[in-house]
Structure formats: structure tokens, C-alpha cells
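> All letters in the sequence shown, in the order written, are residues 0 to 805 by numbering that gives the first Met the number 0.
To be clear, the hints were calculated from the coordinates, so they are not data collected in a lab. All values derive from a computational prediction rather than experimental measurement. For each residue, glycine too, the CB sits at the ideal point set by N, CA and C. Among the hints, a few may not be true.
[Stated by the list, open to error] The following label-pair restraints were derived from C-beta to C-beta distances: (1) Ile583 x Ala430: 46 to 56 angstroms; (2) Leu278 x Glu90: 12 to 22 angstroms; (3) Glu355 x His695: 34 to 44 angstroms; (4) Gly801 x Thr334: 32 to 42 angstroms; (5) Arg712 x Arg650: 48 to 58 angstroms; (6) Gly801 x Leu278: 53 to 63 angstroms; (7) Ser135 x Thr258: 41 to 51 angstroms; (8) Ser30 x Arg775: 14 to 24 angstroms; (9) Thr334 x Arg393: 23 to 33 angstroms; (10) Glu285 x Ala637: 32 to 42 angstroms; (11) Ser30 x Arg650: 53 to 63 angstroms; (12) Asp289 x Gln686: 20 to 30 angstroms; (13) Arg734 x Asp54: 19 to 29 angstroms.
[As the list claims (entries may be wrong)] Here are the simulated BS3-like pairs of lysine-lysine, each with C-alpha atoms no more than 27 angstroms apart in a straight line: (14) Lys179 x Lys210; (15) Lys612 x Lys578; (16) Lys366 x Lys324; (17) Lys741 x Lys730; (18) Lys279 x Lys91; (19) Lys741 x Lys179; (20) Lys797 x Lys730; (21) Lys321 x Lys179; (22) Lys279 x Lys210; (23) Lys210 x Lys494; (24) Lys210 x Lys643.
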Amino acid sequence: MQQLGNAEKARLCTGRTFWELHGVERLGLPSLWVTDGPHGLRKQQGDSDHIGLNDSVPAICFPPAVGLASSWNRDLVQEVGTALGEACVSEKVSVLLGPGVNIKRSPLCGRNFEYFSEDPYVSGQMGVAWVRGVQSQGVGTSLKHYAANNQEGHRMVVDAIIDERTLREIYLPGFEITVKGAQPWTVMCAYNLLNGTYLAENHLLLTRILKEEWGHTGLVVTDWGACNDRVKGIAAGLELEMPGNGCIHSPAVLTALDTGELSEAQLDAAAIRVVELILKSRPALEQDTDYDRAAHHLLARRAAEEACVLLKNDGGLLPLAKSGKLAVIGALAATPRYQGSGSSQINPTRLDIPLEEIQRQLGVEYKPQYAPGYSLADDAINQQLIDEALAITRGADTVVLFAGLPDSYESEGFDRSHMRLPAAQLQLIEAVAALTDRLVVVLQNGAPVELPFLDSIQALLETYLGGQAGGSAVARILFGDANPSGKLAESFPLKLEDVPCHGWFPGEPRQVQYREGLWVGYRYFNSTETPLAFPFGHGLSYTTFAYDNLRLGGEAQNWLVDGASLGEWDGIRVECDIKNTGAIAGYEVVQLYIGAPTGAVYRPRRELRGFTKIWLEPGQTGTAVFELGSRAFAHWCADAHDWKIEAGQYRIEAGASSSDIRLDGSVRVLSADQVSSPDPALAPYFQPEKRAFDEHAFSALLGRSIPVVSPDRPYHQNSTIDDVSATLLGKLLHRVILRSMKKMVPVQGDEKMERMMAAMLGEMPLRNLVVFSGGRFSPRGLQFCIHLMNRRYLTALKTLIGRGNC
Numbered sequence: 000m001q002q003l004g005n006a007e008k009a010r011l012c013t014g015r016t017f018w019e020l021h022g023v024e025r026l027g028l029p030s031l032w033v034t035d036g037p038h039g040l041r042k043q044q045g046d047s048d049h050i051g052l053n054d055s056v057p058a059i060c061f062p063p064a065v066g067l068a069s070s071w072n073r074d075l076v077q078e079v080g081t082a083l084g085e086a087c088v089s090e091k092v093s094v095l096l097g098p099g100v101n102i103k104r105s106p107l108c109g110r111n112f113e114y115f116s117e118d119p120y121v122s123g124q125m126g127v128a129w130v131r132g133v134q135s136q137g138v139g140t141s142l143k144h145y146a147a148n149n150q151e152g153h154r155m156v157v158d159a160i161i162d163e164r165t166l167r168e169i170y171l172p173g174f175e176i177t178v179k180g181a182q183p184w185t186v187m188c189a190y191n192l193l194n195g196t197y198l199a200e201n202h203l204l205l206t207r208i209l210k211e212e213w214g215h216t217g218l219v220v221t222d223w224g225a226c227n228d229r230v231k232g233i234a235a236g237l238e239l240e241m242p243g244n245g246c247i248h249s250p251a252v253l254t255a256l257d258t259g260e261l262s263e264a265q266l267d268a269a270a271i272r273v274v275e276l277i278l279k280s281r282p283a284l285e286q287d288t289d290y291d292r293a294a295h296h297l298l299a300r301r302a303a304e305e306a307c308v309l310l311k312n313d314g315g316l317l318p319l320a321k322s323g324k325l326a327v328i329g330a331l332a333a334t335p336r337y338q339g340s341g342s343s344q345i346n347p348t349r350l351d352i353p354l355e356e357i358q359r360q361l362g363v364e365y366k367p368q369y370a371p372g373y374s375l376a377d378d379a380i381n382q383q384l385i386d387e388a389l390a391i392t393r394g395a396d397t398v399v400l401f402a403g404l405p406d407s408y409e410s411e412g413f414d415r416s417h418m419r420l421p422a423a424q425l426q427l428i429e430a431v432a433a434l435t436d437r438l439v440v441v442l443q444n445g446a447p448v449e450l451p452f453l454d455s456i457q458a459l460l461e462t463y464l465g466g467q468a469g470g471s472a473v474a475r476i477l478f479g480d481a482n483p484s485g486k487l488a489e490s491f492p493l494k495l496e497d498v499p500c501h502g503w504f505p506g507e508p509r510q511v512q513y514r515e516g517l518w519v520g521y522r523y524f525n526s527t528e529t530p531l532a533f534p535f536g537h538g539l540s541y542t543t544f545a546y547d548n549l550r551l552g553g554e555a556q557n558w559l560v561d562g563a564s565l566g567e568w569d570g571i572r573v574e575c576d577i578k579n580t581g582a583i584a585g586y587e588v589v590q591l592y593i594g595a596p597t598g599a600v601y602r603p604r605r606e607l608r609g610f611t612k613i614w615l616e617p618g619q620t621g622t623a624v625f626e627l628g629s630r631a632f633a634h635w636c637a638d639a640h641d642w643k644i645e646a647g648q649y650r651i652e653a654g655a656s657s658s659d660i661r662l663d664g665s666v667r668v669l670s671a672d673q674v675s676s677p678d679p680a681l682a683p684y685f686q687p688e689k690r691a692f693d694e695h696a697f698s699a700l701l702g703r704s705i706p707v708v709s710p711d712r713p714y715h716q717n718s719t720i721d722d723v724s725a726t727l728l729g730k731l732l733h734r735v736i737l738r739s740m741k742k743m744v745p746v747q748g749d750e751k752m753e754r755m756m757a758a759m760l761g762e763m764p765l766r767n768l769v770v771f772s773g774g775r776f777s778p779r780g781l782q783f784c785i786h787l788m789n790r791r792y793l794t795a796l797k798t799l800i801g802r803g804n805c
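Can you make the complete structure from the sequences, with help from the hints?
Below, the structure is given as C-alpha cells:
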């Protein structure tokens with residue numbers, strides 16, 4: 000730091016270009032390249048000053064996080080991470096922007112395909128494996144989006160109102176587990192506010208929790224354009240602002256040093272972490288290596304196979320014989336949806352097509368008949384296409400029908416408004432199901448969908464978004480070359496209205512209230528016995544498994560566990576036996592849940608505290624082993640701002656899903672922690688089935704009044720483009736920016752990109768006009784425009800000539 004001036008330090012703490020960091024050539028500190036994405040390298044080709052969503056180097060496209068999580072296989076996810084790291088080294092990328100461990104609060108979140116689970120333990124375990132894999136190659140990661148970024152709607156300006164306990168038990172543990180277990184080189188702070196403070200300047204989250212409590216040693220980087228106040232950000236623990244913007248905030252930083260608002264020690268601390276990142280990245284940058292694309296493609300196929308979840312298989316319809324008359328229906332069989340849309344979109348090195356892979360399995364003699372059944376270009380019901388599908392159904396022994404969500408339904412930038420499949424697909428499935436009793440539906444989607452046809456079909460295979468090798472993976476699953484072993488890392492509700500946050504998602508443009516508290520996903524569904532299409536943790540196999548012999552403490556005398564006890568801070572070992580009772584080898588995912596005693600604290604019926612994936616040959620017995628520490632039994636006490644353990648009898652449950660518990664026992668937990676009686680106003684949270692989480696109850700949960708949302712006017716730097724579009728100048732700004740964005744990202748004729756760009760533009764705060772213009776639109780120019788839109792013409796004139804406040 001002694002060799003750097005304050006201006007150089009400030010420059011180090013902001014990006015050089017859209018994807019590059021500043022270096023210091025005279026000190027031998029190279030500029031670094033960072034880029035997306037979590038399931039494949041999306042390095043832009045050519046000029047780095049634009050987003051480049053449609054112009055990236057070819058790379059292996061692995062299944063997105065939704066699929067990796069459904070594998071429940073830590074080792075596999077780490078292998079994928081290692082492969083991603085190898086690709087980064089080859090392309091001289093120093094930080095890969097992932098993984099995303101945000102919680103799936105609602106199935107409607109448009110970016111759920113890029114997140115792991117509705118459960119924080121699963122999210123954290125997958126995050127640890129992914130980060131360890133990537134960073135094993137000397138490449139950094141960026142754990143995102145920290146925190147409470149659980150929706151796309153108004154993500155840049157919305158204030159997430161969350162009570163302290165829910166934040167600590169649901170929305171932070173995924174980050175905590177990953178930080179403590181893998182030390183990601185960077186953590187990316189989210190766009191949104193949390194309880195009134197932007198994440199980019201939230202000292203509690205960035206310093207007190209992340210750095211001091213969890214011990215994070217890396218740096219914090221903004222999501223692209225998430226910086227609201229650069230000086231407050233540095234003081235709060237934000238080291239790096241992205242993207243590059245011509246160092247427009249450096250003057251404010253230097254002024255703050257002069258006035259004492261910011262200390263030189265705070266700026267030094269930020270710059271030091273940036274320099275440490277550069278130094279850690281240098282060894283990999285000095286390597287000149289390539290990676291084995293063929294081997295990575297096979298890894299992508301294996302990942303896609305383990306991501307497949309067999310949801311239904313009546314009568315053992317699957318696997319199919321490689322003979323007979325097969326009809327393949329659905330445009331998604333010929334034009335698969337294999338990844339999500341947005342910043343993680345990959346240009347794959349190759350693409351396996353499901354229809355072609357099915358044809359390859361069957362050979363010339365049993366070549367299947369094919370009909371698209373619907374169009375991917377629009378949602379219109381085309382009776383001619385349906386009739387063509389029905390014609391080949393009549394001549395087939397078995398029908399495999401591909402259905403799912405088009406790109407235009409789910410993407411970064413916007414949320415879904417419903418859980419339905421397109422009407423054309425639903426009508427097609429209904430018509431085909433009426434003609435055959437051997438119908439297999441294969442789903443391609445990034446999040447749960449409603450399944451009104453479930454009772455009319457015989458088999459249902461959830462493939463999610465399979466990556467570039469998803470087509471061959473599906474074919475191998477269908478014909479038994481691979482045994483499905485995936486399990487749902489999220490619940491599949493029967494209908495949207497059953498989701499616990501329904502009515503409070505996505506909230507208002509400026510505020511979203513997490514009124515449901517802890518009642519997220521299976522925690523709610525199991526506790527209220529709400530019927531589901533499929534529960535969290537569910538997934539079938541072509542073989543069967545028997546569970547036996549639950550043991551606590553690992554000793555035979557503890558098989559009868561009712562009398563066992565656990566000391567205040569001791570751990571406990573849980574074991575059970577799993578036997579493959581079927582005819583073929585396969586994996587079983589054994590899940591361990593804990594049920595807390597009914598007492599002074601409201602708790603879900605069961606919460607996941609461990610899982611393991613075991614490969615067993617036919618007739619083989621294996622042992623699932625779990626270690627439970629004190630945290631597994633604890634809850635967050637908002638009054639004490641700490642973890643507490645309530646004494647009592649806890650259930651220990653081993654199962655094949657959250658609703659399929661095969662073995663159970665109990666352990667008495669001894670604790671000296673004092674747990675106070677609950678506020679009577681919290682009564683609705685002890686009866687979640689009523690969902691009576693009114694303002695009075697939510698205020699009691701928060702421990703304060705619900706914040707009042709500020710009015711839209713007068714306009715300010717965090718007003719959105721949509722907010723100001725009612726003004727003449729706002730309309731003009733909208734047109735100019737839209738034209739500029741279309742130059743940056745060609746979207747003509749691409750419905751998904753057009754919709755994403757429209758949503759992102761409309762919900763973008765005005766301050767980002769300065770950031771994304773690289774400073775060409777100055778802070779003073781922005782204030783001038785804001786004063787004009789507020790009809791403060793004299794103030795605008797003073798600002799223009801340099802006498803007004805900027």
C-alpha cells in the first residue's frame with residue numbers, strides 16, 4: 000500500500016471494463032478477467048465493453064444449478080466445478096461468477112434455474128462442492144447474490160423486509176456454509192435492499208456477519224451496477240465495484256478521505272483485498288493449458304443423468320425396451336431447452352438432441368415416429384399439429400412426450416406470473432393420454448410447474464435443463480442404460496395458491512414482505528400436511544431400497560434411542576443401513592431430518608440436517624453415516640442475537656424424501672439455554688395452516704413496525720426508468736437507452752431476450768445510467784435531468800452551470 004497513492008487505491012477498487020479489473024503494471028499486478036457463469040464459461044469474444052450475451056466463446060454447458068442440486072451428489076458437483084476451473088485457466092479467466100445459493104422462496108422466481116434449492120443446507124453443501132472444484136484450479140469464484148435476492152422483479156430497488164430469525168435460519172445459512180466450508184475468493188452482494196439498507200452498503204451483512212462472524216478472507220464485489228453510494232460501500236466492507244465505469248466514483252472517495260467521512264485505513268483495507276485477489280490469480284494466468292472437451296462433455300452427460308428425477312413410473316413402464324413401436328411427440332424433443340436465459344447463457348461446444356439420441360438407441364429397425372405437437376414460436380393451440388401427434392399415437396405401443404417451459408416463460412430479469420405449462424402443451428397431453436395407457440412425459444423446465452395431467456399419464460421424468468449433453472442423458476435414462484437417481488431439491492405444489500408466500504411474492508415495486516417467516520417450501524408443506532404433486536426429496540429408481548437399523552451414537556446399545564441423551568454442546572453420530580433389494584445397481588439418496596419438540600419456539604415439523612448418496616449393487620447393504628453438531632438442534636434467538644438450543648425430545652428421522660420417512664427415533668437434548676415465552680401476537684406462526692400472517696403478527700415477528708414505503712415522487716437517483724416514463728424527458732431517456740441496449744445485445748426476433756431487456760430497462764434505477772455509460776453520462780448530468788423531471792427548473796439550471804448540489 001505504501002507504493003500506491005490514494006487515487007491508485009480507489010482505481011483498484013473499481014472495474015477497468017465490463018469484465019476486467021484494473022492492474023498496476025509498474026508493480027507487476029496484472030489486470031484480471033472475470034466472467035459468468037455458474038454452469039459454463041461465458042467469456043465474451045472481442046470488445047469487453049458490452050454485455051456480450053450472444054457473443055461468447057464456445058464452452059461446455061453443464062446442467063444449471065437446479066439440475067446439479069437434484070443429483071444430491073457433492074462429489075459430482077465438485078467434479079463439475081473442477082472442469083469449469085480448467086476451462087477458466089484455458090481462457091485466462093481469473094474469477095468465475097458463481098455459484099448462486101439464494102433460496103427458492105417461490106417457484107415463480109425467474110432465475111430459480113440458477114439456484115440450488117428451497118433448503119439452505121442443500122444450497123450450502125452444493126455451494127461448497129462447486130467452489131472447491133473451481134478453486135482447486137487456482138481460479139476464484141463469486142458466491143452470489145448476497146443476500147435475500149429471491150426474485151427478479153424490481154431486484155435493483157426492492158427492499159426485502161425479513162425478520163432476524165428467518166434471515167438467520169433460511170436466507171443466510173447457504174452463504175454461511177459455503178463461506179466456512181470453501182472460502183470463495185469473492186462474494187457478490189445483491190442489488191436489493193435488506194431491511195432498509197442496500198446490500199452494497201450494509202455493514203451488518205458485509206463486515207459484521209460475513210467477515211467477522213464467518214471469517215471470510217476474500218473480497219466483496221457488487222453485482223453489476225449494484226453500487227448505490229461508493230463511499231458508504233467502502234466503509235461497510237465493499238471492496239470492488241463492477242462494472243468499469245471510468246472511475247466516476249473515485250472523486251467522491253478522495254473527497255471523503257479529505258473530509259474524514261472515509262479513513263485511509265478503510266480504503267487500504269479494500270485495496271489490500273483486491274491486491275490479494277490479483278496475487279492469488281497470477282499462477283493460473285501464467286499457465287498455458289487447454290482442457291479435454293470430449294471428457295468434459297461426458298462429465299456433462301453424467302451430471303445430466305444424475306439430475307434426472309423419475310417422479311412417477313406406474314407399472315414399471317420405464318425403462319423402455321429397445322424395440323417395438325415408439326412415438327416421440329413434442330417440439331422440445333427436436334429443439335430442446337437445455338439452459339436458462341440471461342447472464343449465464345452459454346454458447347455450447349456441441350448439443351445432443353433428444354430425438355436423435357432416442358433414434359440412435361433404437362437403430363434403423365425400430366426408428367420412432369415423430370410429431371412436434373405444438374410450436375415453440377408461440378402459445379397458440381394448433382389443431383393440425385395435435386392431430387398429427389394423435390395419428391402416430393394410434394400406431395404406437397408407447398409414447399414419449401416432451402413438454403416444458405419455453406425460454407420466454409422463465410429468465411433472468413423477470414418472474415413468472417403462474418406455474419402453468421403452455422395451453423397448447425396441456426391440450427396435447429390431454430388428447431394423447433386419452434388414446435394410450437403407455438404415456439411417458441419428459442419435462443424440460445427450470446422450476447416447478449402445475450401437473451393437471453398427472454393422473455392421466457403412466458410415467459413422468461423431470462430432466463430440468465440438462466445442459467448440452469442432456470439429450471443423450473435422457474435417452475440413456477429412458478432405455479435403462481442409466482438408472483435415475485435424482486431427487487427433488489424443491490417441492491412441487493399442486494397449485495400456486497398452495498405456496499406459503501403466495502400473496503406476498505413478488506410484493507410491491509419498492510418493498511417485499513417475507514410474511515411467511517420460516518414457512519418456506521417443505522417446512523410449510525410437511526408441517527401443514529398440504530397435499531403436493533411431489534414432495535421435497537422425492538425421486539424414484541429402477542431398483543428398490545430398504546432402510547433398517549437406525550443407530551444413534553454409532554454403538555449397538557443405542558439402537559433403542561428413546562433413552563439416549565445429548566450434552567449441551569456435544570455432537571451425535573447417526574447411522575442406518577440401506578439395502579438394494581432390486582435387480583439392478585443404483586444410487587440412493589438418504590436424507591436425515593430433525594424434528595424439534597413443541598415448545599416456546601415455533602419450528603417446522605422437520606428440517607433437513609444431512610444427506611448422503613450411496614451406490615449399491617443388487618443385494619448389497621451399505622451404511623449411511625451422519626454427524627450432527629449442536630447447530631443442527633439450534634434456533635436463532637432474535638432477542639439474544641445468537642443461536643440457542645431448546646431442551647427437550649428431538650426426533651431423528653431417516654427417509655427417502657421429506658414425506659417418506661423410513662426410520663425414526665428420538666434423542667433428549669439437554670440445554671442450559673433459557674427460552675422465553677412467545678409473544679401472543681406470534682400465534683399465527685404456530686398455526687401456519689391458516690396463513691393468517693397479518694400486519695400485526697408480522698410486526699411482532701419483525702420486532703418493529705412494518706416500514707412505510709416512500710412515495711415515488713419527487714424523483715431521485717433510485718427512481719426507475721418506469722417511474723419517470725410518465726414525464727417527457729423520461730420517455731426520451733427510455734427510447735435512447737433502449738436503442739443503446741439493442742446495440743449492446745442484439746435481440747431482434749428473440750422473444751426471451753426482448754422480454755428480459757425490457758424488464759431490466761424498466762426496473763433499472765436512474766443512477767445506473769451513469770454507471771453503464773462508463774461516465775459519459777455524468778453524475779451532474781443525471782442530477783440535472785432529475786431536477787427537470789421534478790420541475791425544479793432553477794435548481795436544474797444551477798446544477799448545469801456547476802453551482803447546484805450534485
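> Give a verdict on every hint.
Now the hints, each set against the structure:
1. Ile583 x Ala430: 46 to 56 angstroms: 34 angstroms, violated
2. Leu278 x Glu90: 12 to 22 angstroms: 20 angstroms, holds
3. Glu355 x His695: 34 to 44 angstroms: 59 angstroms Cβ-Cβ, so the 34 to 44 angstroms window is violated.
4. Gly801 x Thr334: 32 to 42 angstroms: 57 angstroms, violated
5. Arg712 x Arg650: 48 to 58 angstroms: 54 angstroms, holds
6. Gly801 x Leu278: 53 to 63 angstroms: Distance hint for Gly801, Leu278 is violated at roughly 42 angstroms.
7. Ser135 x Thr258: 41 to 51 angstroms: Hint holds: Cβ distance 45 angstroms, inside 41 to 51 angstroms.
8. Ser30 x Arg775: 14 to 24 angstroms: 22 angstroms, holds
9. Thr334 x Arg393: 23 to 33 angstroms: Roughly 25 angstroms apart at Cβ, these two residues keep to the hinted range, so it holds.
10. Glu285 x Ala637: 32 to 42 angstroms: 49 angstroms, violated
11. Ser30 x Arg650: 53 to 63 angstroms: Holds, since Ser30 and Arg650 (Cβ atoms, about 55 angstroms apart) stay within the stated range.
12. Asp289 x Gln686: 20 to 30 angstroms: 60 angstroms, violated
13. Arg734 x Asp54: 19 to 29 angstroms: 25 angstroms, holds
14. Lys179 x Lys210: 11 angstroms, holds
15. Lys612 x Lys578: 13 angstroms, holds
16. Lys366 x Lys324: Holds - the C-alpha atoms of Lys324 and Lys366 are around 8 angstroms apart, at most 27 angstroms.
17. Lys741 x Lys730: Within the cut-off at roughly 17 angstroms; holds.
18. Lys279 x Lys91: 13 angstroms, holds
19. Lys741 x Lys179: Given that 27 angstroms is the threshold and the Cα spacing comes to 41 angstroms, the pair is violated.
20. Lys797 x Lys730: 24 angstroms, holds
21. Lys321 x Lys179: Answer violated: Lys321 to Lys179 is near 48 angstroms, above 27 angstroms.
22. Lys279 x Lys210: 19 angstroms, holds
23. Lys210 x Lys494: 41 angstroms, violated
24. Lys210 x Lys643: 22 angstroms, holds
Hint compliance for this structure: hints 1, 3, 4, 6, 10, 12, 19, 21, 23 are not met, and every other hint is.
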